[in-house]
Structures are given as C-alpha cells and as structure tokens.
Amino acid sequence: QQQVKQSPQSLIVQKGGISIINCAYENTAFDYFPWYQQFPGKGPALLIAIRPDVSEKKEGRFTISFNKSAKQFSLHIMDSQPGDSATYFCAGNYGQNFVFGPGTRLSVLP
Amino acid sequence: DVKVTQSSRYLVKRTGEKVFLECVQDMDHENMFWYRQDPGLGLRLIYFSYDVKMKEKGDIPEGYSVSREKKERFSLILESASTNQTSMYLCASSGPSPAVSTDTQYFGPGTRLTVL
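One line per chain: the protein sequences are F and H, in this order. So the first sequence is numbered by my numbering: it starts at 1 and just counts up by one. So the second sequence is numbered by my numbering: it starts at 1001 and just counts up by one.
Looking at chain F on its own, in the form it has when it is part of the complex:
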C-alpha cells in the first residue's frame, strides 16, 4: 500500500514536444504529491507539487494533473527543452513519510 508506481522508465522526446510521466499510488493517506527533478551528479530538487483537493497545477511549462478517484497523477512538460533532460521522481507524502516512485529518465533531443 506504500508503493508509488511510475511510468515510463525512460522517455525520449524531441525538442518542443510534450513529455508526459504518469504515476499511481495506493495509500489514500497521502496528502501531498511532489515531483522532483534530478540532474546527473546532483541530488533531487523539488520541481512542482500538488495537493489532492486540486485537479491541476501549472508552473511555467510544467503541469501536474491529478485524478483523486483513480489515484493517479501525471507530470506534463510542454515545449520540452534539452535542458529538461534529467530523471524525474514522483512521490506521495503524509507527515514526514515520503514514498518515491522509481524514476523516469527523460532525454530531450535537440
């Protein structure tokens, strides 16, 4: 029940395209869903996050879509750029209990 599933494992997108990463969770106690971005040689950093009372959150080119009834959420990266090439982790959280998905390696081709 703790698991957060994430797909795809890897993703290749052309510059200017849309990148979509999907996550699903089981634990209904989660009340915060962050996405982290990790560049090679760096630790993960918070990219964008959403709470389950909101169906969508947008920050610049990054949008989270949240479907509470399906227990699914996704990250959309519009106008993907080579600088977006990184590993992305979704997570579910309550209190200080963070459960991360396995990660998606995104490559944006120039």
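For the record, the hints were derived by calculation from the structure and aren't laboratory data. Built from N, CA and C at the ideal position, the CB exists for glycine as well. Keep in mind that a hint or two might mislead.
[To be verified] In silico DSS-like links for lysine-lysine, alpha-carbon gap of 27 Å or less:
no.: 1; chain 1: H; residue 1: Lys1053; chain 2: F; residue 2: Lys71
no.: 2; chain 1: F; residue 1: Lys57; chain 2: F; residue 2: Lys5
no.: 3; chain 1: H; residue 1: Lys1057; chain 2: F; residue 2: Lys5
no.: 4; chain 1: F; residue 1: Lys68; chain 2: F; residue 2: Lys57
no.: 5; chain 1: H; residue 1: Lys1057; chain 2: F; residue 2: Lys42
no.: 6; chain 1: F; residue 1: Lys42; chain 2: H; residue 2: Lys1018
no.: 7; chain 1: H; residue 1: Lys1057; chain 2: F; residue 2: Lys57
[To be verified] Derived coverage of chain H by chain F (criterion: at least 3 residues anywhere in the stretch with Cβ under 8 Å from a Cβ of chain F; other residues may be distant):
no.: 8; region: 1036-1042
no.: 9; region: 1045-1053
no.: 10; region: 1107-1113
Chain F is fixed; fit chain H onto it per the hints.
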C-alpha cells in the same frame, strides 16, 4: 540559499570495513533523512530523524545505523560494509514540523559508495 552537504562525493571501501557518511544542513531543519538510490528502485528510506538524538527506521534499515548528536548533522554508519551496500546515498532535510506534509525535502549531492 539552502544547503545540504555530504562529506564525500565518492567513496571506495572494502568488505567488512566500518563506513561513516556525514551530512550537514544549514537550514535549522528538525528533520533529516538518509536514502539510498538504486537504478529502477528509486529512493528508499533507510533512517530518518525528527530531532536531536531521535531516530526512526525507514524501509530498509538492516545493516545501517545512524547518529544525530547535533541538529545540523546526521551520520549514516555501515557497521560492516558489504558489496550489496554499493549504492548512491542521499541525505535530505526538511523542517520544521513533522505534521506539515507540505514540507519540502532538500537533498544533498549524494555519496556514491562502492564496496569491494
């Protein structure tokens, strides 16, 4: 600017050695975490601490221990390193309240440990 630092970026140890990984944060955060990161498995929580001298087991504590003598410092100890502990180790901190689930975790750059 927030900062979490880890004592080493790369570390090579031999089987059976005692290994210390150090983490320091400068944000006065109450909460600190140790994760290991392995391909395809994401981040798995080893231990966390919500206060000085307090610690809680995470999902995979076997073979590890931790120490938190000061608020800013959280150490991960491998009492007798084994080859299956070869991994990337990430430290994180967050604050100030365990009840506030919107706390952001700030991560250090990681320590890549190889056990031969």
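Verification of the hints:
1. H/Lys1053 / F/Lys71: violated, 37 Å
2. F/Lys57 / F/Lys5: holds, 20 Å
3. H/Lys1057 / F/Lys5: Satisfied, since the Cα-Cα distance of roughly 22 Å is no more than 27 Å.
4. F/Lys68 / F/Lys57: Holds - the C-alpha atoms of F/Lys57 and F/Lys68 are around 14 Å apart, at most 27 Å.
5. H/Lys1057 / F/Lys42: holds, 25 Å
6. F/Lys42 / H/Lys1018: holds, 25 Å
7. H/Lys1057 / F/Lys57: violated, 33 Å
8. 1036-1042: Answer holds; 3 residues pass the 8 Å Cβ test.
9. 1045-1053: Three-residue rule met by the region 1045-1053 of chain H, so holds; n is 3.
10. 1107-1113: With 4 residues close enough to chain F, the hint holds.
Hints 1 and 7 from the list above are not met by this structure, while the remaining hints are.
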